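Please dock the two separately framed chains into a single complex, following the hints provided.
Residues per chain are reported as follows:
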Amino acid sequence: MRPGRVGFLLVTLGLPLAFYLGLVVWPFIQAFGYSLTNWTGFSGNFDVIGLDNYVTLWNDEVFRRAVINNILLVTVVPLVTITLALALATMLTVGGASSGAVRGLSRSSFYRVVSFFPYTIPAIVIGLIWAQNFDPSNGLINGALTSIGLSGFESYPWLGDARTAMPVSMFVIIWAFVGFYMVLFVAAIKGIPAELYDAARVDGAGRIRMTFTITVPMIRDNVQTAYIYLGIFALDAFVYMQALNPGGGPQNSTLVMPQVLYETAFRKNQFGLASAMGVVLALLTLFFAVLVILAFRLTRGKDPR
Amino acid sequence: MTDSRSMPNRRNVLRLAFAAGVGLSASSALTSCATSGGDEDTGGKATGGGAKADAKNPFGIKDGATGTSVIFNGGWGIDYVTFAAKMFEKTHGGKFEVKPSTQISQQLQPRFVGKNPPDLIDNSGANKIGLNAIVDQLEDLNDVLDANNLEGKPIKDTLYPGAKSPGTIDGKLIAINYVQTVFAIWYSASLFQENDWTPPKTWDEAYELGGKAKSKGKFLFLWGKEAATYYQTLVIGSAIKEGGDDVRLALENLDKDGWSHPAVQGAIKGLEKIIKAGYMKPGGAGTQFTQAQAQWSRSQEALLYPSGSWIENEMKKQTKSGFKMTGAPEMTETGSSKMPLTALHAAADEAFIVPSDGKNPASAKEVLRIMLSKEAAANFAKTKLTPTIVKDTVPTDGFGSTALQSQTKLLEDAGKDVFTFNFVNLYGTNQDQLVPWNSFLSGKIDAAGLTKSLQAISDKVRNDSSVKKAKVT
Numbered sequence: 001m002r003p004g005r006v007g008f009l010l011v012t013l014g015l016p017l018a019f020y021l022g023l024v025v026w027p028f029i030q031a032f033g034y035s036l037t038n039w040t041g042f043s044g045n046f047d048v049i050g051l052d053n054y055v056t057l058w059n060d061e062v063f064r065r066a067v068i069n070n071i072l073l074v075t076v077v078p079l080v081t082i083t084l085a086l087a088l089a090t091m092l093t094v095g096g097a098s099s100g101a102v103r104g105l106s107r108s109s110f111y112r113v114v115s116f117f118p119y120t121i122p123a124i125v126i127g128l129i130w131a132q133n134f135d136p137s138n139g140l141i142n143g144a145l146t147s148i149g150l151s152g153f154e155s156y157p158w159l160g161d162a163r164t165a166m167p168v169s170m171f172v173i174i175w176a177f178v179g180f181y182m183v184l185f186v187a188a189i190k191g192i193p194a195e196l197y198d199a200a201r202v203d204g205a206g207r208i209r210m211t212f213t214i215t216v217p218m219i220r221d222n223v224q225t226a227y228i229y230l231g232i233f234a235l236d237a238f239v240y241m242q243a244l245n246p247g248g249g250p251q252n253s254t255l256v257m258p259q260v261l262y263e264t265a266f267r268k269n270q271f272g273l274a275s276a277m278g279v280v281l282a283l284l285t286l287f288f289a290v291l292v293i294l295a296f297r298l299t300r301g302k303d304p305r
Numbered sequence: 001m002t003d004s005r006s007m008p009n010r011r012n013v014l015r016l017a018f019a020a021g022v023g024l025s026a027s028s029a030l031t032s033c034a035t036s037g038g039d040e041d042t043g044g045k046a047t048g049g050g051a052k053a054d055a056k057n058p059f060g061i062k063d064g065a066t067g068t069s070v071i072f073n074g075g076w077g078i079d080y081v082t083f084a085a086k087m088f089e090k091t092h093g094g095k096f097e098v099k100p101s102t103q104i105s106q107q108l109q110p111r112f113v114g115k116n117p118p119d120l121i122d123n124s125g126a127n128k129i130g131l132n133a134i135v136d137q138l139e140d141l142n143d144v145l146d147a148n149n150l151e152g153k154p155i156k157d158t159l160y161p162g163a164k165s166p167g168t169i170d171g172k173l174i175a176i177n178y179v180q181t182v183f184a185i186w187y188s189a190s191l192f193q194e195n196d197w198t199p200p201k202t203w204d205e206a207y208e209l210g211g212k213a214k215s216k217g218k219f220l221f222l223w224g225k226e227a228a229t230y231y232q233t234l235v236i237g238s239a240i241k242e243g244g245d246d247v248r249l250a251l252e253n254l255d256k257d258g259w260s261h262p263a264v265q266g267a268i269k270g271l272e273k274i275i276k277a278g279y280m281k282p283g284g285a286g287t288q289f290t291q292a293q294a295q296w297s298r299s300q301e302a303l304l305y306p307s308g309s310w311i312e313n314e315m316k317k318q319t320k321s322g323f324k325m326t327g328a329p330e331m332t333e334t335g336s337s338k339m340p341l342t343a344l345h346a347a348a349d350e351a352f353i354v355p356s357d358g359k360n361p362a363s364a365k366e367v368l369r370i371m372l373s374k375e376a377a378a379n380f381a382k383t384k385l386t387p388t389i390v391k392d393t394v395p396t397d398g399f400g401s402t403a404l405q406s407q408t409k410l411l412e413d414a415g416k417d418v419f420t421f422n423f424v425n426l427y428g429t430n431q432d433q434l435v436p437w438n439s440f441l442s443g444k445i446d447a448a449g450l451t452k453s454l455q456a457i458s459d460k461v462r463n464d465s466s467v468k469k470a471k472v473t
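Those protein sequence lines, which keep their order, are chains A and B. Under our numbering, the first residue of the first sequence is numbered 1, with each subsequent residue one higher. Under our numbering, the first residue of the second sequence is numbered 1, with each subsequent residue one higher.
No lab work stands behind these hints, which were simulated from the structure alone. Note that this is a predicted model, so its numbers are computed, not measured. Be careful, since some hints might not be right.
Said to hold, decoys possible - Chain A is faced by these chain B residues, among others (derived, beta-carbon under 10 Å):
1. T168
2. K281
3. T429
4. D464
5. V467
Each residue gets a CB set at the ideal place from its N, CA and C atoms; glycine is no exception.
One chain only, chain B, in its complex shape (with noise of 0.2 Å):
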């Protein structure tokens, strides 16, 4: 028999595995925590560059290189960079990876943490990353904007005007916003012609265009409770057409009385004046908003819906036929404001960035060059029945589609008058905007109190230090 004092009981078993398991992950703490990944050179770093570089290959490309890529897989899919990734490899000689996501910030966000996040991402859709917190990890791509595309042409002078804007920061362009998205007022031309109806150029012309309606037992507008914030893009791209530049940077720069502009205020009243007749379809805030979308598209109980040219894609299966979908500009308060009415909020949107902890770059810049080529944009316009940011890539018949000819027609009408916006998207305040609108829409609070909610948004973020702050100009 052994003694029985010699034997470890349970307790002090437990006792020391417990020190151990704590000073075991204590230690790998040290050397392995998430936020660790130290800055050891990784040696022979591959840059998917290194040959010479000429106009025909801007990037230098060795024969073979290789390079991986994380793209959302939304509403376009990911076959348009398969296309681009393919004529990369036929000319280069190596691979090109295409990997789809829907959860881009949660996927990669530990990549970047560790440092190894994949060559190009196309950052888009509902969990995309708030690009401000990674500014400084991301390489300029205004060298892929200056290099000749496949055409031989500099890509600079073959894109739409202003799709620059949204994706530069601090004067870094760390984003190319590849699809060519306009915001406007969405109608049914078909029911128009019917009766005699034409789209409003002012809110006081939209307030009577609600009264007629009413008449037929229909309403101006809908809206669905997670699309609200659709008014507020409807209410600030007016505001900026009335007011002008000025506008655009109190509300980018998240100025302490922005909300209070005499034309926000013009555009906010013009709807409330709307809304407080009945013009505004009730109950939107209990409906999602594709149902909401429905009942304008399909079932027609709405004339007009503010939204981006996504639109038609959208709801193409829930859309009456013969509905002609078209676009009309975004109202202005007085019909004499700034900017002419034809002036139009439009941006680029599915922003690709190339992180510069990636291992091949270049490999990835090459590959948005060859996206950017004719070919490529024109096989996404005619696939995807949507244009790109390379102008001339959609035929006057738009495939077919009103939505897309008068997509076109407002970009040609607005000419060099081309605005966007970015702050929302920027400070990630959808979410919290989206509160007050609802409010709004539902006719719970007035125009003085929206614009208090608005403001007291702004505010939180201009006040809050950890948040990084862009300076529009």
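Just chain A, with the same shape it has in the complex (with noise of 0.2 Å):
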């Protein structure tokens, strides 16, 4: 081999790698280590205790709430999200009049550029806005809705209500992320060849038929990814979260993993447990990867790839 050629493959492939392995295997590797011991984090000694750990967690109510909350979030969020930013999208490119060309609403680029804002701003931000907006005595929400006269929600704290408090901090999170997955899906579908939506125009379809049998199947890959990234958000959701409900909400209904995690290695020094979260969360989050995968490959029909 030539020496030029060697050091070409160390570059692009050996740096990269070493990279890969030492910053990110080798610290799974070591958090699952750490799993299995009862290390407190502050010194060098620690007894090794097998699945001791695994056993605490599956035991462990309020873990097991937050496992609950997250599967419930990573249930909601991407479906909702996705539904939405793929109506939108569809609004913004297909939507249009009914004659001629096929296109999108006038104005479409005011419409896109508005709806991407909120993923322009800070996620920590975002949370902290809309805590305000949802406060039980000076919020805007219950402002508004007691100057129509439903003076049930004078102080009614969105926030703090076992019943509220998700749906709340859902709608939060879909707010602060259909826009971008709205712009992701109009750039998929600006990809389609014109012709397709001309030609079903012309055999009569409307604007509901074309997205089922021409954008969905079309844009499959971007929806696929989307969602991988979306549940991955989902199984995760700390920022959000922490800045709506930094106590993981009324009874524990918005707790997630990470806020337990966080709470247990930093607070309670029980490192070797939040290691074993971490493992826990890890493998969840290949699970629903792998889940969508097959998903998406079950439902493929008759497209060949």
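Printed below as a string of structure tokens:
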């Protein structure tokens, strides 16, 4: 092999691989190692206690609650966000006048910019602003509701009532993400040859029909990627939940795994247990990604690949 | 042309690199893994000390001695430590570094593991280290209190009663808590005067006052979601005054039925009656605590607020002018309690710790000794409008602050009857306790439900063999 080639390979493959192994794979293995110990995090001493931490987690009501909350998030957030984003993207690209060439609503570029706005604001700011809006006494939401005569909403704690805290938190997350995925889908839809839509229209297809028989099948790869990204995010959701309800919400109704993990590691000094939580979270994330990929593969239908 | 078979193909290169990578990280793991910082002696370990110790220089600080510190940069800032560090440098000619931080636990965790922590740490703020994890790695600071201060008096004779207890675990003084805090029920003296009200001495009086407040369109209490456990602090303080030391020990040692103690139940039921009557402003479980506090101090929607004496400083910008913030002692159940009504839940705050693995523990102790001198303590009281654990540094006019005046008076009235409790901080259970407290204050669960949840939290810690317990006597 020519020396130049070895150098090239080392730089292009060796370096990234070394980084990947050192900064990604190795910490994973380490975390798993610590999850088998009772390490307190502040000294070099610990005992290996086998799978005790996992047993503790299994029996821990609070952690189980957090897992359930994460699963709720991962079921609802991607589904609603992608449905909304797809609907909006369709409006902006093929939802326009039903005569002439297929096009989006008028002023669609304006709508596109406006709905992208939330994504440009840092997540923590979004969380804090919405927390203010939902404030029971001085919040915009209750102010608006009471001013139209719904006096039952005077000091109603949206984020402090176990019935509404989770839906409200989901709403905030979805609000923040819809714009971005809409823009993503717009770009994908623009990549579909316009002739397909024109042909469909000549054949008499309406907008709904076009959406389901042309748009969705043509951009299913984008949808799948979006679904996985959003799912991984929903399994975390740390920033929003921390901003909206740092304590995990009423009756722990918005508590998510990373919050429990953080609390366990840095407030209770149980780094071993926290590592076990990290491992559970990683496994759940992997499981989710595999599930989504499988689901998309199974529903591919006759489309050969 | 080279023979193509001698060319490594991409897959083989990857495989090789992968194997090399795994081997590399595995071998480096043995030498530099995060927790393998061995016990090898660093050789000539500086101590900051070394010179001959005497009454004027109890830790034997050499000329040119150095030291480092990480100080929580919160409500009090770091300038009061810099003040002491300057005095250290002037006396000993060395350099004592003062670095601010708001992430004490996250920043110092790797340094503790790596055995190179700073010499002095102000362990405070939301991200403080749970001290029971590092008890064995901290210096016993009893020798600082035994030493003479700069004015030549033994430091232990200059402190408020009870100053030592929050930093003592199993007889070892692991932390000197510098700032004196009293827990009380705060109200506006001017508002009370206008309406001819008096602060309640018992839970029944509080209930009656709630009725009077209601007729004025006000609530008795309010709360914010992150601070729901301020009412837990009130309930425990009230119960300890009612039932005496038994109550404190039962809770501190996580007894099986600690929360069922009659005195604790009396206080919880007293509060329950107030909540059921609608004297607690609704919606607190969804309100940020500073917002809730502003509803008390600015719009005066509620009369009373249980809190520590930091409340004046915290709400300074959001307090109605002429509010005359004043503290009243926490009420008891019957008025014929084991401790007098003037007994006070007062605790020192801002824990200064000295890690044994630091390079110059003696320098750190010397800086603490300087901070506990009259000059440095008076400087703190004057600039922060809050007393330190050093007595008699606040003039009677409280630098013009009614809250500070009342704090001094509360401490004087209490005399020796000062108590505190530690188990919430020690075991880091506040977060878990917030959940039932928010439900209870919202009226979603009753006294029995609250008791059950709180007991479950104590039981969980007691039964967890991985958590180190401190025996309190």
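Quick rundown of the hints versus the structure:
1. Against a cut-off of 10 Å between C-beta atoms, the interface hint on T168(B) is violated, since the closest Cβ of chain A lies about 19 Å away.
2. Given the 10 Å rule on beta carbons, the hint for K281(B) holds: about 7 Å separates it from the nearest Cβ of chain A.
3. At a threshold of 10 Å, the smallest CB-CB gap from T429(B) to chain A is about 8 Å, leaving the interface hint in force.
4. Hint on D464(B) holds. Least Cβ distance to chain A is approximately 8 Å, under the 10 Å limit.
5. Proximity of V467(B) to chain A holds as hinted, the smallest CB-CB distance being about 8 Å (cut-off 10 Å).
Against the hints set out earlier in the document, a violation occurs for number 1 only.
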